[in-house]
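**Q** Line order of the protein sequences matches chains X and L. Take the first sequence: its letters are residues 1 to 295, numbered as in the numbering used here. Take the second sequence: its letters are residues 296 to 434, numbered as in the numbering used here.
Think of the hints as simulated: they come from the structure by calculation, not from any bench. Please read these numbers as outputs of a predicted model, since none were measured by experiment. No residue lacks a Cβ here, since even glycine has one placed at the ideal position from N, Cα and C. Please note that a few of the clues may not be correct.
Stated by the list, open to error - If we take Cβ atoms under 7 Å as the criterion, some of the chain X residues that face chain L in the derived model are:
hint	residue
1	A42
2	T43
3	Y46
4	A53
5	A125
6	Y126
7	Y127
8	V212
9	E214
10	V220
Stated by the list, open to error - Lysine to aspartate or glutamate pairs mimicking EDC-like chemistry, simulated, CA-CA at most 20 Å apart:
hint	chain 1	residue 1	chain 2	residue 2
11	X	K136	X	D85
12	L	K411	X	D222
13	L	K411	X	E156
14	X	K144	L	D308
15	L	K411	X	D151
16	X	K75	X	D222
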Amino acid sequence: MAASLRELRERNRSVRATQKITRAMELIAASRITKAQAAARATLPYTRELNRAVAAVASYSRVAHPLTTERETFKRSAILVITSDRGLAGPYTSNVIKMAERLTQTLLDEGREVVTYMTGRKGIAYYDFRRRPLEKTWAGFSDKPTYADSDAIADELISRFLMDPEDGGVDEIQVVYTRFESMLVQTPRVRRILPLHVVRDDAPRELMPLYVFEPNAETVLDALLPLYVRNRIHFYIMQAAASELASKQKAMKAATDNAQDLIETLTRQTNQARQAKITQEITEIVGGASALAEE
Amino acid sequence: MAETFWVEIVSADRLVWEGEASQLVATTTEGEIGILARHIPLIATLAPGRAEVTAADGTRHIVAVEGGFVSVTLTRTAIISPYAQMAGDINVAEARRALIDLAAQREAGDNTMATKQAYHRAQAQVKAAESHDPSHASV
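Excised from the complex, chain L in its bound form (with noise of 0.2 Å):
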């Protein structure tokens, strides 16, 4: 049995998961990261996409996340990004439907950051949900 470590996965308004894990995938700015116990201290921010704990009894959870950061600390090591969101939890076809007024409307040329990263957080919790459970996938 692999060694395991606590995560916490932290969102701006309530803490989203936290337990025990063995590892913890995430992508961050400079590419995809991997978290095993005993890793050494660290910040890297978070792209928009996808982050995927597999807990101590071996069930995988994948977190949407609109950007941020991960932490890992000698004791724990966190997920921190404002919106982040369970896939299961997620309403996909909210999401998508998001997801396209959002990419209309950065064709119209909106392009504030806010609008940016709305559609960043729609494009990480489509892609989150569509890996959580395949039959959500797009044709």
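Extracted from the complex, chain X is given alone in its bound form (with noise of 0.2 Å):
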């Protein structure tokens, strides 16, 4: 028995009390997890109604518009890695990192060039410390997103895409970010933003009208296409967003369990101690008032 009783009691109290932090983290991160799934679900008909109007624009125009046309000469990527603001979050940022860490590698391997965009903290503060090179950065909203935060970035990302390569301009824009598959679940994935594919369904499920464009089908898509942009990267920041919220929950939770083990052991010990110092207590006793007797 090497700790002592107090020592023990003390070992019992602290990690009570930490387990009472992780389990209230754990509350919140899930309660956040709601308010972040009911945020996903509200951009729901503005995602439709936009999707809509690109099939139907792209239904009736050829479509040839400068942030649809692939690259001939492919020489730099960009790439946006979406990470978290906070840690206690588990494996989430790491598993991110490692992604696009990959995937920088296969594009060098390529021979291309590699602009990083990152949000989050934690992804900031990897890159930093290991002095790597960060285009731009952006922090403060992982958790909670606004249309705002991800129109501020996709204004950078489209407005570099549309550079002229001679002057830092890319060829393509990839984003690195973690899909909400279930609560349970969450995988890192790479998606390209930029040049945009449009998918010409050859078979709509619904036909589409004859449709009217004010003032001509090109000025429609030259206005709808960057909003296509916009959304689609507000998609991918919202379900980092909830991922983050899900990989904390998961974390938080694992670290009430772990407290709960340890409090259990630690139980144990401290009455194993106590009997044990009663146990030597009595035998002392016994010993002496025998020793006492046989005088």
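Each of the two chains sits in its own frame; use the hints to bring them together as a complex.
**A** Shown next as structure tokens:
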């Protein structure tokens, strides 16, 4: 029996205090996920209408737009990595970063330059510590992103894509984010957002009416595609936010369960130590008494 | 009673308004456009400004839009504008202050896309709020 009774009791108290904190964090994360999911659901009407409009324009005009055109010479890629602002979320950020590093390596192997954009303090800190260059960073909204946050990121990415390659423009943009599969599973993924790949549905489920475009199809497309890209970015950022919260909840639940195990072991050890002490005292008393009796 | 049609006003993060309406007036880049039931399918770009929906029960709703689209299909009409906001929900004082700040920024030579957009948004909000409630009208 190494530790004294007092030490055991102190450790027990400290673990209990920590457990209270992790349990509170678990509950907070759980309630925020519900909110994040509601926010994600609330964007569905916009996404639906936007997709419908893009499909409508795409089916009537031959789409030739800077945002949808594949570059012939391909020398520079941009990646946007979406990480979290805070830790205590299990492997959430490190999984995204691992994915981003693998992607970067593949691109470098193909002989391209890579420009990295990052959101979330954790990812920024990781790159800064290793002195890796980040083109531009954003932070402070990873668990409750608004459209305006995503919009600012999209502004930067779109203008970088449209910039002349001679001046540092990029030929494609990929996003590394974490997809929210379910409360239990979140997987890091890579998606290319630019140039846009317009999927032309050859057998439309719903017959497109004959639209009139005002002022004309090209102008409508010009205004529509940037909104579409912004919406994609917002979608990925919101998925990442939900994943971050789910990861955090899972990590905090594990911490609370571990604390519970620790408390049980410590309580058992405390009881044993106490019992040993009592037994020892009795033995001493009995020993002392019998020594006196023998005289 | 005029024939009604289904209208949805969606902003990037939520459904702002939906319901049966008898008339929708919006400002496109080409000018004002009035839409009634059975309008032909149309997609038009919106100019920063306001849109006005007359609901089936006769109430008028004013919405501030800073761009986006109006899309008319056979089944429904939608206003798709990332920052659409009901005039009643706008904080007029804040919008007006933002407008003054942004105007100053633009005069100082800041003519980036973001500033321009924010300026148009503030302008649309102030305009919509003023027509929603004349007591806000500036002197």
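**Q** Now look at each hint and say whether the structure bears it out.
**A** We went through each hint and held it up to the structure:
1. A42: holds, 4 Å
2. T43: Where the cut-off is 7 Å and the nearest Cβ of chain L is about 6 Å from X:T43, the hint holds.
3. Y46: Holds. Min distance 4 Å.
4. A53: Status holds, d = 5 Å.
5. A125: Where the cut-off is 7 Å and the nearest Cβ of chain L is about 27 Å from X:A125, the hint is violated.
6. Y126: Because about 28 Å separates X:Y126 from the closest Cβ in chain L, which is outside the 7 Å limit, the hint is violated.
7. Y127: violated, 25 Å
8. V212: Holds - the Cβ of X:V212 comes within 7 Å of chain L, reaching about 5 Å at its closest.
9. E214: Holds, about 4 Å.
10. V220: holds, 5 Å
11. X:K136 with X:D85: The given pair, whose Cα atoms are some 15 Å apart, holds under the 20 Å limit.
12. L:K411 with X:D222: holds, 17 Å
13. L:K411 with X:E156: holds, 15 Å
14. X:K144 with L:D308: Holds: X:K144 and L:D308 sit about 12 Å apart, inside 20 Å.
15. L:K411 with X:D151: holds, 14 Å
16. X:K75 with X:D222: Judged against 20 Å, a Cα distance of about 26 Å means the pair is violated.
Hint check: violations occur at hints 5, 6, 7, 16; the rest are consistent with the structure.
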